[in-house]
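Trainee: One-letter residues, chain by chain:
There are 2 protein chains.
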Amino acid sequence: MLVFPLEGPILLTGFTPHPRNVNMIRNWMTEMKKWNVGILIFNDVEVLDFAGPFEVFSRTRLVPGLESRRSEESAPFRVFTVAKTSTPVTTTGGLQIIPEFMFSDAPPIDLLVVPGGLGTRSLLSDQETLGWIRQVAAKAKKVTSVCTGSLLLAKSDLLENRRATTHWGALDLLQSLNKSVQVERDRRVVDDGIITSAGVASGIDMAFYVVETLYGREVADETARYIEFRRTEQ
Amino acid sequence: MLVFPLEGPILLTGFTPHPRNVNMIRNWMTEMKKWNVGILIFNDVEVLDFAGPFEVFSRTRLVPGLESRRSEESAPFRVFTVAKTSTPVTTTGGLQIIPEFMFSDAPPIDLLVVPGGLGTRSLLSDQETLGWIRQVAAKAKKVTSVCTGSLLLAKSDLLENRRATTHWGALDLLQSLNKSVQVERDRRVVDDGIITSAGVASGIDMAFYVVETLYGREVADETARYIEFRRTEQ
Numbered sequence: 001m002l003v004f005p006l007e008g009p010i011l012l013t014g015f016t017p018h019p020r021n022v023n024m025i026r027n028w029m030t031e032m033k034k035w036n037v038g039i040l041i042f043n044d045v046e047v048l049d050f051a052g053p054f055e056v057f058s059r060t061r062l063v064p065g066l067e068s069r070r071s072e073e074s075a076p077f078r079v080f081t082v083a084k085t086s087t088p089v090t091t092t093g094g095l096q097i098i099p100e101f102m103f104s105d106a107p108p109i110d111l112l113v114v115p116g117g118l119g120t121r122s123l124l125s126d127q128e129t130l131g132w133i134r135q136v137a138a139k140a141k142k143v144t145s146v147c148t149g150s151l152l153l154a155k156s157d158l159l160e161n162r163r164a165t166t167h168w169g170a171l172d173l174l175q176s177l178n179k180s181v182q183v184e185r186d187r188r189v190v191d192d193g194i195i196t197s198a199g200v201a202s203g204i205d206m207a208f209y210v211v212e213t214l215y216g217r218e219v220a221d222e223t224a225r226y227i228e229f230r231r232t233e234q
Numbered sequence: 001m002l003v004f005p006l007e008g009p010i011l012l013t014g015f016t017p018h019p020r021n022v023n024m025i026r027n028w029m030t031e032m033k034k035w036n037v038g039i040l041i042f043n044d045v046e047v048l049d050f051a052g053p054f055e056v057f058s059r060t061r062l063v064p065g066l067e068s069r070r071s072e073e074s075a076p077f078r079v080f081t082v083a084k085t086s087t088p089v090t091t092t093g094g095l096q097i098i099p100e101f102m103f104s105d106a107p108p109i110d111l112l113v114v115p116g117g118l119g120t121r122s123l124l125s126d127q128e129t130l131g132w133i134r135q136v137a138a139k140a141k142k143v144t145s146v147c148t149g150s151l152l153l154a155k156s157d158l159l160e161n162r163r164a165t166t167h168w169g170a171l172d173l174l175q176s177l178n179k180s181v182q183v184e185r186d187r188r189v190v191d192d193g194i195i196t197s198a199g200v201a202s203g204i205d206m207a208f209y210v211v212e213t214l215y216g217r218e219v220a221d222e223t224a225r226y227i228e229f230r231r232t233e234q
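If you read the sequences in order, they're chains A and B.
Numbering of the first sequence is given in the numbering used here, commencing with residue 1 and proceeding in unit increments.
Numbering of the second sequence is given in the numbering used here, commencing with residue 1 and proceeding in unit increments.
Think of the hints as simulated: they come from the structure by calculation, not from any bench.
Watch out, some of these pointers could steer you wrong.
The list cannot tell twin chains apart, which means a pair is met if one copy fits it or any two copies do.
To be verified - DMTMM-like, lysine to aspartate or glutamate: derived pairs with alpha carbons at most 25 Å apart:
no.	residue 1	residue 2
1	K34	D44
2	K34	D157
3	K142	E72
4	K179	E73
5	K84	E184
6	K34	E184
7	K33	E160
8	K84	E100
9	K141	E222
10	K33	D157
11	K84	E222
12	K33	D172
13	K179	E222
14	K179	D105
15	K84	E218
16	K139	D172
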């Protein structure tokens with residue numbers, strides 16, 4: 001593994017890199033500063049629940065325009081999927097995804113995305129998945145969910161006394177899982193330390209909300225323009 | 001293979017199915033009437049370009065509500081991915097998809113979806129892919145594209161003298177591929193016999209437009225409500 005000083009030392013020690021190494025160093029530094037976005041996937045996950053945030057986070061660039069999208073250089077996120085095992089996951093509707101990582105070999109996750117779908121129902125009693133979510137959430141800088149992904153957050157004891165939302169068809173179920181949750185019934189994105197969103201497509205709004213929180217409105221709006229998504233107010 | 005009379009004969013011949021078979025027959029008939037939606041995928045396809053229409057078409061139900069989404073019974077579409085070979089496809093951003101079919105074994109396609117992405121550039125000179133698109137389009141009931149997928153339709157000679165659109169960053173390229181195309185620069189969805197849409201997220205609008213055209217506004221709006229997508233006017 002390459003160990004490289006992240007900031008400061010390069011200048012403070014008077015180390016002057018050869019010009020041909022400058023870009024390489026900039027790339028290393030960029031690489032080391034990227035947020036790792038881990039998206040949980042499982043059988044019967046809803047396609048747009050994970051694909052929406054995957055699209056937004058993986059296409060965000062700090063440098064605007066078309067050219068910057070041709071490389072990862074100004075990408076602030078490194079996005080990957082994680083599943084319990086390495087077995088391909090079959091989504092609702094039958095799309096087959098090969099997870100990039102499994103629970104046991106996933107890199108540290110800065111931003112966790114827990115999507116929803118019919119597959120969440122059986123995961124509500126899956127201690128391995130709930131335990132993994134709890135463990136990753138404890139170290140992540142941000143924890144998010146889309147749709148019925150918030151049911152898994154509730155079962156992982158992450159929504160205690162928090163405002164949260166879910167798909168409109170699961171609002172009562174969310175409440176029943178934890179009486180202390182203040183269920184928001186009319187919001188697409190709810191940020192109360194943990195960020196939950198309403199059904200399916202609102203995961204795209206959630207992702208843009210996170211991008212805006214971290215990198216400002218301009219970066220979020222410019223990325224929305226790139227993917228031709230019309231952001232709406234809450 | 002089961003060969004079963006599609007319509008009419010059941011009643012016309014006086015054939016009276018046993019009550020326990022009525023549902024089975026209804027299911028068979030439903031199955032046989034479903035539209036096959038074939039979504040082309042390839043390396044460096046843009047995630048939301050194919051995942052948006054996949055979500056919309058695969059979650060459309062003719063019976064409204066939550067319950068109908070738990071089965072395929074009232075689903076008017078059967079959605080699948082098709083790639084040149086059976087090798088997993090890596091999207092822009094690194095999502096890995098196992099294609100359900102390859103060119104050589106895909107079932108007949110009623111509705112073709114050609115998504116876009118950076119991978120379209122090398123496909124502009126890939127005769128096997130262009131030939132496959134041309135061949136499928138000749139038999140399909142509807143041909144659609146998302147984003148720079150329309151470049152592939154233009155190179156397959158399908159947009160001759162038609163109004164069409166693409167991602168805002170590729171409008172000039174589309175025009176340069178075929179002077180006879182009337183490039184629409186301000187529309188999200190353009191239907192001129194062949195249905196093209198603007199960048200990335202506008203593929204979701206395109207899919208809802210197709211659903212509305214085939215099954216009416218109510219079915220489209222109810223499906224949009226299910227996936228919590230806010231449809232916008234053209």
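Trainee: Which earlier hints turn out false for this structure, listed by number in ascending order?
Mentor: 2, 4, 5, 6, 7, 10, 11, 12, 13, 14, 15 and 16
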